[in-house]
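With the hints as constraints, model all of the structure from the sequences given.
Protein chains: 4
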Amino acid sequence: MRRVAFIGAGRMGQTIAYSALMDGIADEALIFDIVANVPQRFSDELIHALSTARVDTRVIGTNAIEDIKEADLVVISAGKPRLPDQSRTAVFADNAKVMMALAKELPMRNPHATYIVVTNPVDYMASIFMKSSGKYTISTGAQVENMRMRSFIAQRLGVPVTSVNGFAGGEHGENLSIFWDTVTVNGIPFDEASGGALKRDEVASYVKGIAAQVIAALGGTSWGPSRAIGDIISSFAKNKNKVLSIAAPMKYKDEVIHVSRPTVVGNPIGPTLEAALSSADRKDIDAAAGRMYKEYKELLKTLQ
Amino acid sequence: MRRVAFIGAGRMGQTIAYSALMDGIADEALIFDIVANVPQRFSDELIHALSTARVDTRVIGTNAIEDIKEADLVVISAGKPRLPDQSRTAVFADNAKVMMALAKELPMRNPHATYIVVTNPVDYMASIFMKSSGKYTISTGAQVENMRMRSFIAQRLGVPVTSVNGFAGGEHGENLSIFWDTVTVNGIPFDEASGGALKRDEVASYVKGIAAQVIAALGGTSWGPSRAIGDIISSFAKNKNKVLSIAAPMKYKDEVIHVSRPTVVGNPIGPTLEAALSSADRKDIDAAAGRMYKEYKELLKTLQ
Amino acid sequence: MRRVAFIGAGRMGQTIAYSALMDGIADEALIFDIVANVPQRFSDELIHALSTARVDTRVIGTNAIEDIKEADLVVISAGKPRLPDQSRTAVFADNAKVMMALAKELPMRNPHATYIVVTNPVDYMASIFMKSSGKYTISTGAQVENMRMRSFIAQRLGVPVTSVNGFAGGEHGENLSIFWDTVTVNGIPFDEASGGALKRDEVASYVKGIAAQVIAALGGTSWGPSRAIGDIISSFAKNKNKVLSIAAPMKYKDEVIHVSRPTVVGNPIGPTLEAALSSADRKDIDAAAGRMYKEYKELLKTLQ
Amino acid sequence: MRRVAFIGAGRMGQTIAYSALMDGIADEALIFDIVANVPQRFSDELIHALSTARVDTRVIGTNAIEDIKEADLVVISAGKPRLPDQSRTAVFADNAKVMMALAKELPMRNPHATYIVVTNPVDYMASIFMKSSGKYTISTGAQVENMRMRSFIAQRLGVPVTSVNGFAGGEHGENLSIFWDTVTVNGIPFDEASGGALKRDEVASYVKGIAAQVIAALGGTSWGPSRAIGDIISSFAKNKNKVLSIAAPMKYKDEVIHVSRPTVVGNPIGPTLEAALSSADRKDIDAAAGRMYKEYKELLKTLQ
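Protein chains in written order, with this note's numbering: chain A, 2 to 305; chain B, 2 to 305; chain C, 2 to 305; chain D, 2 to 305.
Don't take every hint at face value.
A pair holds if it fits inside one copy or across any two, identical chains being indistinguishable in the list.
[Unchecked claim] Think about it this way: if two alpha-carbon atoms lie no more than 35 Å apart in a straight line, the pair counts; the simulated DSBU-like pairs of lysine-lysine are:
no., residue 1, residue 2
1, 209, 70
2, 200, 70
3, 200, 136
4, 284, 252
5, 302, 254
6, 284, 136
7, 81, 209
8, 284, 254
9, 284, 302
Since the hints were made in silico from the structure, they are not lab data.
This is the structure:
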């Protein structure tokens, strides 16, 4: 991996770039934002931090989209953040316009790049960007929910987080699916390992509700998602082939949509592990795909 | 991951333990070898090295197999090394006896452990240990060939090794399969990326032949396999879910055999990605399984 | 290092805790802030991030200062941030009161802790906390300016940042000293290495001015200082004995003041390398100490 | 740091190169040894291991000393290893000839390199190489004894090794000095911290005797010294400025000798912390310098 571009240097964009670059993923990092001075001064901050970490990455901040060129990877967090009283879908229209505008600018100068979308509502934004640009695009999907699930189980059962495995996916938010047949503690299936001390419902409730609580207290989530997204970027950039719960493109009827599934993240991205999931877990994915397709089609209409 | 046991502190065993423990995988490491003083003094060496790396792991070296208990992971490298003029199968009988002896001692004191076999011929030794012990056992399989393939392609095409992806597997040695439909450079299929500058045969020839050349020059391979095996251990112990080309148990007719396939390495181990491979690549696995089953059955007869 | 407490979960406190904890410095982290829900929800964010990084650290967020106990290290960032139009000294009075309040609460419950102060104006706040608490306290001092200097030289001369060495220190802000006789590029003294392509004045100007520019553009500095402070914490917690430009206590006339000097950061902290600096560089430290003592005494009067 | 050369690919040379290169210290590594095929095949092993670790370093193995050129750092481990029944000085004559031969070949092609000598008797060999080559040369000195001391204290007192600090130095072997006034556990002076549970003599006895025991059991030391030497290389190559107990050149009467002292290891190397040690600890260094100078002068006579 040689050149990585970050489109958007807001709270999330900054935290993602910081987390990912500390892993030593790039020879050169390009930081773009429309706000004057922000990408330049954030680049200064990054250079100071990289200097401490002894990571040799050149960093260039710019307000000119023309400077974003020949990247191997483009990470898009531009757009409006989700406000405390907003649903993920409420920002759809505004951010879709941002995606479409970027889809006109980025592909011609970054023809060989893989595109990772972080902007919310993330799965739909990835679909919009891919549809508009014609470029291979992934959504960072449910990977952060995945890690929230593991951290909560570890904490509640009093085991190291390295003892917990398992995946979440499907659709974001209230309809998120935990793929329970994949969840284990020290290799033992969840229900047996928890022995009733922790119920599935409690886990699901935490994973679905914690983002809103963090937003209410801190004004937004950043550290959890950013470290999770940094991990996706790092696994791609270094061809680590980790299985992460991202949303790679899925052909569904007449559209390409993005539904989170355990997926091998290297370069190229894939395959998904969907075929290896239990039928119960696969049903959850199918149901999510159906719902998301329907909602996506309706949202697309609002753009015209 | 709390406690990891290393059975065998010869050249390979030492290099594996050193490489894996530097990753911070264990609170406690148990080192066993039958040679007096060797595991104790090697433990001293490890403690000195861990001290430098600021890794807080207790290390205990012992000649008493009874001291190997309550481990979460047992890594077995005990046995005779492959000599320069030996085939992998030539050491079968001697090392099978070692496996069977260990299978009597280890399971009762380490009932919840996952077992990783490194002793050559590695896939057969894993099958023998699993058959004798009744415990879930993997072979480290073709993961080192996998990385040899990537390193050779990177070197010859003048790209960073992080640009190369792809898997090798099936059977060891002369019959190793490179799963060519998975091999890419910067995400581009191998043949297109190499543009004829590097032929499939050259890659296969290097991957199949380099171990013998290293053995001839250095008396044995150690650094490459050990770092690859350390990566397997680390992915298991930290639930990283990396896809690595190990040999997890495969039911085949009346036996459980070990054939290398791209496999998700977390705790628990699996699934394999076999279903996602191309039909050409899957055929190679089937053929390898057939050959290995047959040879294994014949070798088993020699034990009686 | 077993237990690390972070007092203050504002922008800087959060970024420091995130950066330091990712290095695996603690078995348990305590996060305190007076704002309801903030430390608790930030702890959730940390747990999610640590889960991704496979770092096994328990994290507890609290609004009750009584919960901060038996820590080995206490990092204090509580207080008001420096606003765009403020000088570092303008916030002295308000933050001094915070230090004095904390000095009544923390030492009795954390008697064996080392205290690191980050709150601005940092050197004075460290002196105030140490004076009020009687506990050994350091200021994170000029370490971030140190790394800013190296990063700027690297960038302008087109060399990797790992090629640049050297220290800055003395007093913060306009009166900062670069210890020019320590500055090298690939081991060659700065003036010779730069060959006139980069002047001392340009370096000094960047290092002294960049924080204000970042504050103007981003509303505050965070990434650069936090990674630098995380490095200080990590070097202390793991006894790495790195030489960093922190401000350890210095007896000066009738007070203990904090003046930045290259200092060995292990546990315990020290010695400084002041005696090994050139006489020109030492004179800068003496001058800074004189100025800072005088200003500190005057500021102390304003507290009565 | 761009190019690092390793002269000697024996047991120690291999372990050092492996340990150092895994830290990502070089864009290019050159491996030299006189034995046909050994550096080439060891380079293959390194490439396989680096591939697993996702470290992008080119590695070139060669039997032609002319290929070792334009290095920034040259690490010399060539020479005869210390046999079980040999004293460190017994190999002086043979290895001095190796140093003198290398001093004729390396400086002209590597004029800007820093030289690190590992070959035993290490301090004398560094002095011989520096005297013969006119190039700045350090000995890796007592850094491994330093870490052995810390690891033993940690183990015996049942504390994490990250809790222990302190330095050893002076002369190797029977006459090694532990600088007791620097030794602490959780920041508390050793005698107070150990409370009599562990005596200074026991620590000294372990540190002085363990190498011989390891050699007796394993045929040589490798893991402990190599990780310690890798840390020295890494601190130099990345300008980390860690304080390590190496032996930098010391003018003594009419010679430059190498005596281990706590020393800042960046590029350039230095200063030493000798001035900050207690007078008791400094006396040990003076005594060591006197003894070593005398022995060195006598050994030099045997070369004529």
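TODO: Please write out, lowest number first, the hints stated earlier that are contradicted by the structure.
DONE: none
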